[in-house]
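Q: In the order they appear, the protein sequences are chains H and Z. Here the first sequence is numbered in this note's numbering, starting from 492 and rising by one per residue. Here the second sequence is numbered in this note's numbering, starting from 492 and rising by one per residue.
Among the clues, some could well be false.
Each pair may be met inside one copy or between any two copies, as identical chains are not told apart.
Said to hold, decoys possible - Below 25 Å or equal to it, Euclidean Cα-Cα: the simulated SDA-like pairs (lysine to any residue) are:
(1) 522 x 616
(2) 598 x 543
(3) 635 x 534
(4) 709 x 583
(5) 547 x 606
(6) 547 x 638
(7) 547 x 683
(8) 598 x 649
(9) 521 x 501
(10) 632 x 537
(11) 628 x 573
(12) 547 x 693
(13) 531 x 633
(14) 556 x 681
(15) 614 x 707
(16) 598 x 574
(17) 598 x 546
(18) 521 x 544
(19) 531 x 597
(20) 709 x 526
(21) 531 x 590
These are computed hints drawn from the structure, not numbers from a lab. Every value quoted in this text rests on a predicted model; they were computed, and no experiment measured them.
There are 2 protein chains.
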Amino acid sequence: MNSSAPAPTRLYHVALSPFCRKVRLTLAEKKIEVELVEEKYWEQSPELLRRNPAGKVPVLRHEGKMMPESQAICEYLDETVPQPPLMPRQASERYEVRRLCAWFDDKFNAEVTQPIMHERVWKKVQNLGYPDSATIKNGLKAIKVHLDYMTALLEQRRWLAGNNMTLADFAAAAHLSCLDYISDVDWDRSNTVRDWYATIKSRPAFRSLLADQMPGVKASPQYAELDF
Amino acid sequence: MNSSAPAPTRLYHVALSPFCRKVRLTLAEKKIEVELVEEKYWEQSPELLRRNPAGKVPVLRHEGKMMPESQAICEYLDETVPQPPLMPRQASERYEVRRLCAWFDDKFNAEVTQPIMHERVWKKVQNLGYPDSATIKNGLKAIKVHLDYMTALLEQRRWLAGNNMTLADFAAAAHLSCLDYISDVDWDRSNTVRDWYATIKSRPAFRSLLADQMPGVKASPQYAELDF
């Protein structure tokens, strides 16, 4: 072994983080081998802060560098490992991918993923007390609007941002898969969204996510089923 | 006039939004003429929601389309109007720009811009009561850490993300300029950051920002001064 070779690619992550999942899907789709290391980011260890002064996951150790920020990582991976492409070639289509990634990572996250996962998962894991049912109820109300929005998009296009699968699909699937783990996606609301999710869920890149087990939080029965 | 020509480029914005400012700087640097339309986004008018279902500013009307999401807009403008380039050519340098844009638009915004501007400006403008001094104090404590981080970066590089000016500099300058309007940047903390800001502030692209006047909230005396 060449001692000057960079260390193998490693992702510091937590299993039920949508941002980490978006990166995992991108790595797997690009067939980049990665070592996963669970990082209890809420403990803000000095090692974590050294790896990423923002104190967050994901952090990708790759080609000898420490790389935080999920969207910047995914675009970097797409630019440096072109096959299969996860960004379209046309500027207007790339805009649409980035708009939708921001939609899910900002708006969907703030209205749905973050509040629901905080109440149902992170409070339990971090010993922060009982879930607040009003917050969960608001999140479950908000997800309906988002499922309807996704339905409207998918009725015009094969994938969320156009006729090819892109990072926007991975961003959306990453959020929905976290919520599906705790059974908080009402798939009966939209056959269109269900079909889209069934297609993306059956990709080999999804397998590692479907094998996740969060200690103390059991996955819902349909979580790993390809036919749900 | 050709009746099928798209309507002129227009930005729906608010003057003291860092996200709108990043887009304005990019438009000006690319010499794209734009009509600015103030949008009281907190009133969530039906027109705003039609233009952008996320109910936020900025929204750019451009080439016959309505485009929300500041980062997606700026990357689109950079890809379609290449001169002057605001993204480097190398993937690793592009990663660094995107990482820093996320740093300022997520972390700096959450810890500094959003809380301070909410307490000092938006509560006044939207009639939401008195500013909370503890929140402002926390924001002013957090900005010190960020100024030190910027100093560390700028001691290694001419600009924040490398040796050329990029979107990362516009993101950072957009946030700092909002806080400077209300005199909340302690320029004495870092000559390095002050010099960087003086350089970017003196660009023609900055002029429109320096002319902003928020009704009811007076700009600080140094806000529009190039020598501060």
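Q: Checked against the structure, which of the hints given earlier come out wrong?
A: Violated: hints 1, 4, 7, 11, 12, 14, 16 and 18.
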